[in-house]
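Number of protein chains: 2
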Amino acid sequence: MPEISIVLVEPLYEGNVGFTARVMKNFGFTQLVLVNPCPLGDDAIMRASHARDVLENAQRMTIEEIYREFDFVIATTGEVSKSVCTPMRMPYYSPAEVREIVADIDGSIAILFGRENWGLANTELARANLICTIPTSKVYPILNLSHAVGILCYELANLPRGTYPLAGPIEMDSLYQHIETFLDKIDHPDFKRENTMLLIRRVLGRTKLTTREVSTLHGLMRRTEWHLENKE
Amino acid sequence: MPEISIVLVEPLYEGNVGFTARVMKNFGFTQLVLVNPCPLGDDAIMRASHARDVLENAQRMTIEEIYREFDFVIATTGEVSKSVCTPMRMPYYSPAEVREIVADIDGSIAILFGRENWGLANTELARANLICTIPTSKVYPILNLSHAVGILCYELANLPRGTYPLAGPIEMDSLYQHIETFLDKIDHPDFKRENTMLLIRRVLGRTKLTTREVSTLHGLMRRTEWHLENKE
Chain A
1 MPEISIVLVE PLYEGNVGFT ARVMKNFGFT QLVLVNPCPL GDDAIMRASH
51 ARDVLENAQR MTIEEIYREF DFVIATTGEV SKSVCTPMRM PYYSPAEVRE
101 IVADIDGSIA ILFGRENWGL ANTELARANL ICTIPTSKVY PILNLSHAVG
151 ILCYELANLP RGTYPLAGPI EMDSLYQHIE TFLDKIDHPD FKRENTMLLI
201 RRVLGRTKLT TREVSTLHGL MRRTEWHLEN KE
Chain B
1 MPEISIVLVE PLYEGNVGFT ARVMKNFGFT QLVLVNPCPL GDDAIMRASH
51 ARDVLENAQR MTIEEIYREF DFVIATTGEV SKSVCTPMRM PYYSPAEVRE
101 IVADIDGSIA ILFGRENWGL ANTELARANL ICTIPTSKVY PILNLSHAVG
151 ILCYELANLP RGTYPLAGPI EMDSLYQHIE TFLDKIDHPD FKRENTMLLI
201 RRVLGRTKLT TREVSTLHGL MRRTEWHLEN KE
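Chains A and B, in that order, are what the protein sequence lines are. Numbered according to full-length UniProt numbering, the first sequence spans residues 1 to 232. Numbered according to full-length UniProt numbering, the second sequence spans residues 1 to 232.
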């Protein structure tokens, strides 16, 4: 399988952390990462049941560290109403589509789940490679956290190890920095900058660039920059 | 959607019943049936959250009533080791396969989930049309009840209404009775009877017979019986 970690961002209820550990192990996942979680006590241990090891081996990381360490980051969000088609949460992919997309990745993947009451902040979502939304009923779309984790784990279980060598987070960061500089050079307006970068991150994020492709994109931008600087 | 009911058979923990109601409603299902459940109190209501209506409208039925009332009954079981290939629990289908199978049904479907500690009894399984097993890790295959329900609901959500007119439970019962009588007439040995009937129930159960097909099978048996009785 690709190395998939489940990341809970500021979970509020220890019972949900325990249930998450359990359902992860049910589908063969053992790498749990916690970002600033609630205190974990007996209730978490009880609900983890025979997945106490997953709970106890959970790593603590910051959002910054997650985007620095993982090759591919998937952020989950609740279903958004059609009227809120912001580039922050669109386009989104179903768990089955995510399975297709990540199936051939050879690299580390993090799946982010937000707080029980309001999910992930835009700042936590912005750098994700792609957004995943579990299709739910409009009448009552709010899944319990551990049920959402369970459905992702069910879909992503038993993936064969991919062979697709992803560019790492450092390479991708340097590409995005280059693009930002490039946008400066073509006088891209400041007020549009954030949304444009978000869109570029989403498009390039989900295309799963290889190291070679990243370097080709750098080359194309450098070539364009040369012509911009040397125009008569 | 086909009319799908979720049936919990003797659930032991009210929290799981509440969580079940919630995850059902998350995927658009509202018909919960309880067979001899534990007492339901505050914990069930709390975990049902905004699906309190599903919990409160839950019907109480017996296993007998379920097999009498529903056109198609799916029994869920934990994954069985390969060494226990009994006809009782084999062959089994994954939730995705079940989706394919039930997709075109026009009729009422019940999905049975057993007790948290030991699942469904053989007597409760025996008459099911088919067996569904969620593929899990061998290391820790025991899913929490509500997580198992959630995965089935996720797979079966948003099915279009089928157009396939199933023979009802009364017609199917009369077919199985005819087959039993027929087996008597051909001196089928008693000690094999139970397993043979189980196999026949499974095969005919999952083929989703129409009323017309049932009557053709009756006709074929009657014709054979006539020849058995009128042989020289």
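Simulated from the structure, these hints should not be mistaken for laboratory data. Even for Gly, the Cβ is constructed at its ideal location relative to N, Cα and C. Careful: at least some of the hints might be erroneous.
Distance ranges between label pairs, derived from CB positions [to be verified]:
(1) B:Pro91 <-> A:Glu180: 53 to 59 Å
(2) A:Pro91 <-> B:Arg193: 43 to 49 Å
(3) B:Gln177 <-> A:Pro160: 57 to 63 Å
(4) B:Pro189 <-> A:Asp42: 53 to 59 Å
(5) A:Asn158 <-> B:His50: 49 to 55 Å
Residues of chain A placed beyond 12 Å of chain B at every Cβ, according to the derived structure [what the hints assert, rightly or not]:
(6) Gly28
(7) Thr77
(8) Asp173
Which chain B residues face chain A? A few, computed with CB under 10 Å, are given here [said to hold, decoys possible]:
(9) Phe19
(10) Val23
(11) Phe27
(12) Ile45
(13) Arg47
(14) His50
(15) Pro141
(16) His147
(17) Ala148
(18) Tyr154
(19) Glu155
(20) Ala157
(21) Pro160
(22) Gly162
Legend entry - Whether the CB-CB distance between Pro91 of chain B and Glu180 of chain A falls inside 53 to 59 Å: holds (57 Å)
Legend entry - Cβ separation of Pro91 of chain A and Arg193 of chain B, checked against the hinted range 43 to 49 Å: violated (58 Å)
Inset, instruction - With a cut-off of 10 Å on the beta carbons, see whether Ile45 of chain B makes it to chain A. - result: violated (15 Å)
Legend entry - Beta-carbon spacing of Gln177 of chain B to Pro160 of chain A - inside the hinted bounds 57 to 63 Å or not: About 48 Å separates the Cβ atoms of Gln177 of chain B and Pro160 of chain A, which means 57 to 63 Å is violated.
Legend entry - Proposed interface contact between Phe27 of chain B and chain A, which counts if any beta carbon pair is under 10 Å: holds (6 Å)
Legend entry - Closest C-beta approach of Pro141 of chain B to chain A relative to 10 Å, hint status: holds (7 Å)
Inset, instruction - So, Ala157 of chain B near chain A? Judge it on the closest CB pair being under 10 Å. - result: This interface hint holds because 7 Å falls under the 10 Å limit.
Legend entry - 12 Å cut-off, C-beta based - Gly28 of chain A kept clear of every residue in chain B: Non-interface label fails for Gly28 of chain A: nearest chain B Cβ at 4 Å, not farther than 12 Å.
Inset, instruction - Please verify that hint: Glu155 of chain B, Cβ, nearest Cβ of chain A, below 10 Å or not. - result: holds (9 Å)
Inset, instruction - Double-check His50 of chain B for me: the hint is only fine if its C-beta lies closer than 10 Å to a C-beta in chain A. - result: Interface hint status for His50 of chain B: holds (5 Å vs cutoff 10 Å).
Inset, instruction - For the hint on Gly162 of chain B, just tell me whether its beta-carbon gets within less than 10 Å of chain A. - result: violated (20 Å)
Inset, instruction - Indicate whether the distance between the beta carbons of Pro189 of chain B and Asp42 of chain A respects the range 53 to 59 Å. - result: holds (56 Å)
Checked against the numbered hints given earlier, the structure breaks hints 2, 3, 5, 6, 12, 21 and 22 and satisfies all the rest.
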